[in-house]
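Residue numbers (our numbering), protein chains in the order written: chain A, 1 to 213; chain B, 1 to 213.
Since the hints were made in silico from the structure, they are not lab data.
Check each hint, because a few of them may be wrong.
A pair counts as met if it fits within one copy or between any two copies, since identical chains are not told apart.
Claimed, not checked - Straight line, CA to CA, 27 Å or less: simulated DSSO-like cross-link-like pairs of lysine-lysine:
| hint | residue 1 | residue 2 |
| --- | --- | --- |
| 1 | Lys52 | Lys141 |
| 2 | Lys103 | Lys52 |
| 3 | Lys41 | Lys103 |
| 4 | Lys202 | Lys98 |
| 5 | Lys130 | Lys98 |
| 6 | Lys141 | Lys202 |
| 7 | Lys202 | Lys41 |
| 8 | Lys141 | Lys130 |
| 9 | Lys98 | Lys52 |
| 10 | Lys41 | Lys98 |
2 protein chains.
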Amino acid sequence: MRIVCLDLEGVLIPEIWIAFSEASGIPELRRTTRDEPDYDKLMRFRLDLLRKRGLRLRDIQAVINTMEPLDGAWEFLRSLRERTQVIILSDTFEQFAKPLMAKLDYPTLFCNTLVVDPDGTVSDYRLRQKEGKMHAVMALKSINLEIFAAGDSFNDLAMIRQADGGCLFRAPTTIQNSCQDLACVQTYDELLAQIDSFLSAKAVGPANGGRIG
Amino acid sequence: MRIVCLDLEGVLIPEIWIAFSEASGIPELRRTTRDEPDYDKLMRFRLDLLRKRGLRLRDIQAVINTMEPLDGAWEFLRSLRERTQVIILSDTFEQFAKPLMAKLDYPTLFCNTLVVDPDGTVSDYRLRQKEGKMHAVMALKSINLEIFAAGDSFNDLAMIRQADGGCLFRAPTTIQNSCQDLACVQTYDELLAQIDSFLSAKAVGPANGGRIG
């Protein structure tokens, strides 16, 4: 059985922190790992800022609910789910992604989790595991699923390399240049064509006999 | 991150072979592993019968397309996907399930695959792996997902036992009697209550520090 694993931000929805920074009018939230390479420090900075502004999870979700998936993402994902199974692999947090996942008709998402106090304050976060995307692909391959993976960022490369097939989608030039062996497509139609080619490739080995595979 | 793995037939949709037997007027297709314990023999009998009747995949899917999910299944699944991530684990074949998955808004499904000739004849089948449901739960646990599993049949027990939580749904009395340590619920509301209890249970261990978990 062949399935597709997709990155979320930059592929189906905008970068959540950047869009949230704009929608909420808090420019400091644009800070990324390019500015603060220590992810834990960056997250504590973000959570402190949310707390200082008195923004609870409900407020944050209300802002995220004003965002929309990328143009054409709904139609692309619908076409893809008519063809095959899809799992979204993301480093975002399930509570942040939720309003946007609703707008995409709830594809399955593996990601991280915020710790929310009873009063709605976001007090902490939990990473599911390090290199979560790559390990997810490894786990899915271990149960005889064949994986096509696509994403736009450095944190997608290990996932794509681990998969049976894959490509970059709207990746920055720096990434394209450092990964010239990977195709990089710009439109959903091109991405669907890459996936169709993967899905329709002839199975390796004899197909008969109800054999495992 | 906590997710839910669900059996398909008997939980969200009717038993496909039985419903197909009725919808197509081919009573021999009611034969199950109770009548022919050798699954490979049973599948060859079924595929031979389809071939003899001249039924190609398109014809079979047209019949399956007249079937409906179980009463209340769409609403249940929608509520569940608003709460958490869902993966359907089934021993059915992706091509058979497809028309019904469309009616359920395409939840993610891991199952088996039919081998279809270019003329549309179903010539063979591929099992993804033996004990596929149980191994899927093990693989998902290996990437730090916590799993609640539910199903109605003997082939769901290993999956439920392997999961972090779970229950039976509308299981026959024989199964209920042999698994008295497992709750067995009859309605979707009761199943949602079981799942809500699992999802809201306090995480084990300290939650602070962005720690892995």
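Hints, verified against the model:
1. Lys52 / Lys141: The answer is neither: 44 Å in one copy and 36 Å across copies each exceed 27 Å.
2. Lys103 / Lys52: neither (30 Å within a copy, 45 Å between copies)
3. Lys41 / Lys103: neither (31 Å within a copy, 45 Å between copies)
4. Lys202 / Lys98: between (37 Å within a copy, 21 Å between copies)
5. Lys130 / Lys98: within (22 Å within a copy, 34 Å between copies)
6. Lys141 / Lys202: within (18 Å within a copy, 31 Å between copies)
7. Lys202 / Lys41: between (47 Å within a copy, 26 Å between copies)
8. Lys141 / Lys130: both (18 Å within a copy, 15 Å between copies)
9. Lys98 / Lys52: within (23 Å within a copy, 49 Å between copies)
10. Lys41 / Lys98: Within one copy only: 24 Å inside a chain, 45 Å across chains, cut-off 27 Å.
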